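Enquirer: In case you want the letters, here they are:
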Amino acid sequence: MISEQELENRIRSLKAIEPRKEWAKSNKLFIMESPAPRAGFFAVPKFSHAYVYSVLVIVILAGIIMSNPGVFGSKLSPIVTNDQSLKYLEEAEQKITKLSELSKTSDHAEISAAINESVATLKQAVNSLPEKADHKKVVAIAAKVNKINQTLSETRKQLGQEIALEEQKVLADKVAVYIEDDIAQTHKQLSDAVKNEIALYEKMELSESQKQSLEQIKSDFSEYIKTRDVQLLQSAVERLYFLSNNQNQ
Amino acid sequence: MNKEHIQSVFSSDYDQYIQSIYRFAYIKVNSQYTAEEICSNVFTKYWQELCKGSEIENPRAFLYKLARNAVIDFYRKRGREATAPIEAGLELGTTPSFIPAIEVSSDLEQIKSAMCSLDQEAQNAVIWHFLDDMPTKEIAKILGKSDGSVRTMISRSLKDIRSKLV
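Heads up: the protein sequence lines correspond to chains A and B, in order. If you're matching positions, the first sequence starts at 1 in the numbering used here and goes up one per residue. If you're matching positions, the second sequence starts at 1 in the numbering used here and goes up one per residue.
Don't read these hints as lab results, they were simulated from the structure. Bear in mind the structure is a predicted one, so any value in this text is a computation, not a measurement. Do not take every clue at face value.
[Unchecked claim] Here are some chain A residues pointing at chain B (derived, C-beta under 8 angstroms): (1) Gln5; (2) Ile11; (3) Glu18; (4) Ala24; (5) Lys28; (6) Val177; (7) Asp181.
[Said to hold, decoys possible] With the C-beta cut set under 10 angstroms, the calculated list includes, among others, these residues of chain B facing chain A: (8) Phe10; (9) Tyr14; (10) Tyr22; (11) Ala35; (12) Thr44; (13) Phe62; (14) Leu66; (15) Asp107; (16) Ile111; (17) Met115; (18) Val126.
[Unchecked claim] With a cut-off of at most 30 angstroms between alpha-carbon atoms, the simulated DSBU-like pairs for lysine-lysine come out as follows: (19) B:Lys3 to A:Lys28; (20) A:Lys15 to B:Lys159; (21) A:Lys226 to A:Lys188; (22) B:Lys159 to A:Lys211; (23) A:Lys203 to A:Lys226; (24) A:Lys136 to A:Lys169.
Note that the Cβ used here is the ideal one computed from N, Cα and C, for glycine as well.
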């Protein structure tokens, strides 16, 4: 058995582990020449992730709605100015959920009353939808409408009859318009942000690899402006994100 | 802090701690490439914090905290919990830079393998105390334990290591 002192000496022999000198030197220079993080859109990775994610959610929702052949073609209903849409959608969702539960029973009187209530609250919700909605509201409305659609489909199967078809079509149609507007608005904001970021990086002192990344970003962005191909904008955003986090592409 | 001051602080801390952080990472991950990657990430985060104007009271403790998290992330990504034996790094062809200086002796392999069998916290305490000459009080502060319990942990760890060095 070795002595305690000998053991400590042996452990201390691991002090000989050291990094390659050239690597340590170049790594230090590389870190120090990287741009300092700035407050703002790309400086907060969590936020930029959330932003990109929200764009994806909108695009996915738009895809789902647009791929449903039954939801287009209706004219929009008159819309009241007082925006209580989420409240009325919530009420409609509750009524339809209640109807869905009742549809599993054989209480015809209750079911009939519940159908009338559901259709009435759904009409009220449709009429309460505003002309325009901000991003947060669009996401909230789309989520509610999605839930209502699911519950309505289940209920129709249970009851064996078509209820609130027209109201559902108008709802879906309106949400599709909201999403189209929101995507256009999001692309515009994203495009402005990319433009500003490029201008800021152009004023900075960058390393060779960072300059190359910036050139690629500028090329992607300029092509996006010409073609409006969203993949190019996405590519520019991703490259900017990595540039801001010192991970060259 | 202005840019020159930030650069000066970073440069000084980098030179002072790069070897310790590299050694810590290397012992844990057993790969020169991964240890360099971890060091690079750790010091990049430190640089970014300085640039943001954050006041870092104890840079060594801060750097070790980042390094510990980076090592945990590495193993989480690899889906492994145990530290690899020393042979693993050598088999992968990652010849560590310290090899020519001290030649990998069976003694060194043994001591490293024995250390790797300790739990992560005990391993950290032994590395910091014997390789970085860190006082037990400072280790206690980093680990959020009392000075006494860190001393006991180190003492038990030595016992464990010794029992494996037969």
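Enquirer: Determine for every hint whether it applies to the structure shown.
Expert: Tested hints:
no.: 1; hint: Gln5; verdict: violated (11 angstroms)
no.: 2; hint: Ile11; verdict: holds (4 angstroms)
no.: 3; hint: Glu18; verdict: holds (5 angstroms)
no.: 4; hint: Ala24; verdict: holds (5 angstroms)
no.: 5; hint: Lys28; verdict: holds (5 angstroms)
no.: 6; hint: Val177; verdict: violated (42 angstroms)
no.: 7; hint: Asp181; verdict: violated (36 angstroms)
no.: 8; hint: Phe10; verdict: holds (6 angstroms)
no.: 9; hint: Tyr14; verdict: holds (5 angstroms)
no.: 10; hint: Tyr22; verdict: holds (4 angstroms)
no.: 11; hint: Ala35; verdict: holds (7 angstroms)
no.: 12; hint: Thr44; verdict: holds (5 angstroms)
no.: 13; hint: Phe62; verdict: violated (15 angstroms)
no.: 14; hint: Leu66; verdict: violated (13 angstroms)
no.: 15; hint: Asp107; verdict: holds (6 angstroms)
no.: 16; hint: Ile111; verdict: holds (5 angstroms)
no.: 17; hint: Met115; verdict: holds (7 angstroms)
no.: 18; hint: Val126; verdict: holds (7 angstroms)
no.: 19; hint: B:Lys3 to A:Lys28; verdict: holds (16 angstroms)
no.: 20; hint: A:Lys15 to B:Lys159; verdict: holds (20 angstroms)
no.: 21; hint: A:Lys226 to A:Lys188; verdict: holds (14 angstroms)
no.: 22; hint: B:Lys159 to A:Lys211; verdict: violated (55 angstroms)
no.: 23; hint: A:Lys203 to A:Lys226; verdict: holds (24 angstroms)
no.: 24; hint: A:Lys136 to A:Lys169; verdict: holds (22 angstroms)
Checked against the numbered hints above, the structure violates hints 1, 6, 7, 13, 14 and 22; every other hint is satisfied.
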